[in-house]
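Undergrad: Sequence:
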Amino acid sequence: MNPALIVALARTLMALAFIGPGASHFLDSAKQRNYVGAAIGAIEVAAGLALAFGWQLRWFALAAATFLLADAFIAHNFWAATPQALRNQVLHFFKNLALAGSFVLLALVPRGH
Numbered sequence: 005m006n007p008a009l010i011v012a013l014a015r016t017l018m019a020l021a022f023i024g025p026g027a028s029h030f031l032d033s034a035k036q037r038n039y040v041g042a043a044i045g046a047i048e049v050a051a052g053l054a055l056a057f058g059w060q061l062r063w064f065a066l067a068a069a070t071f072l073l074a075d076a077f078i079a080h081n082f083w084a085a086t087p088q089a090l091r092n093q094v095l096h097f098f099k100n101l102a103l104a105g106s107f108v109l110l111a112l113v114p115r116g117h
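In my numbering, the protein residues as written are 5 to 117.
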């Protein structure tokens with residue numbers, strides 16, 4: 005197996021966590037009218053593409069990890085969720101933590117891999 009190819013595939017899969025949600029900001033007409041939402045969508049897509057192609061990888065991987073940690077605690081605060089939303093918020097909270105850890109590991113991958 006070619007380690008560089010495997011790392012590139014893993015980077016691309018991880019980048020989808022940003023490209024998909026970022027693109028949804030442009031596909032949802034309500035979010036399109038919100039300039040902040042559109043700006044966030046553009047940043048998510050750009051960051052996802054940078055990660056997928058390995059451009060400024062260490063910087064974007066650490067930025068992604070920081071974003072995911074902030075998002076986990078701000079947007080998925082399950083400790084304040086209603087009983088109906090609890091399961092969903094717990095799932096997204098821990099998904100964000102796992103992805104943040106993955107991006108920190110990605111930041112440690114040597115150049116050329």
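Please keep in mind that the hints were generated in silico from the structure rather than gathered at the bench. Treat the hints with care, since some could be wrong.
What the hints assert, rightly or not - Derived CB-CB ranges, DEER-like:
no., residue 1, residue 2, range
1, Val40, Ala8, 34 to 44 angstroms
2, Gly41, Met5, 33 to 43 angstroms
3, Phe57, Gln88, 32 to 42 angstroms
4, Ala43, His96, 20 to 30 angstroms
5, Phe57, Ala89, 31 to 41 angstroms
6, Leu109, Leu53, 30 to 40 angstroms
7, Gln60, Gly105, 34 to 44 angstroms
8, Met5, Ala84, 41 to 51 angstroms
Where a beta carbon is used, it is the ideal one built from N, C-alpha and C, also for glycine.
Undergrad: Against this structure, judge whether each hint is valid.
TA: Tested hints:
1. Judged by the Cβ atoms, the range 34 to 44 angstroms given for valine 40 and alanine 8 holds: they are separated by roughly 38 angstroms.
2. Glycine 41 and methionine 5 have their C-beta atoms about 41 angstroms apart, which keeps the hinted 33 to 43 angstroms range intact.
3. Hint check: phenylalanine 57 to glutamine 88, Cβ distance near 40 angstroms, so the stated range 32 to 42 angstroms holds.
4. Between alanine 43 and histidine 96 the CB atoms are about 22 angstroms apart, so this pair conforms to the stated range of 20 to 30 angstroms.
5. One distance hint, 31 to 41 angstroms for the beta-carbon pair phenylalanine 57 and alanine 89, holds here, with the actual separation near 36 angstroms.
6. In this structure the supplied range 30 to 40 angstroms is violated for leucine 109 paired with leucine 53, their Cβ-Cβ distance being about 20 angstroms.
7. Take glutamine 60 and glycine 105: their Cβ atoms lie about 20 angstroms apart, and the range 34 to 44 angstroms is violated.
8. At about 45 angstroms, the beta-carbon gap between methionine 5 and alanine 84 stays in the expected band of 41 to 51 angstroms.
In this structure, the hints that do not hold are numbers 6 and 7, in rising order.
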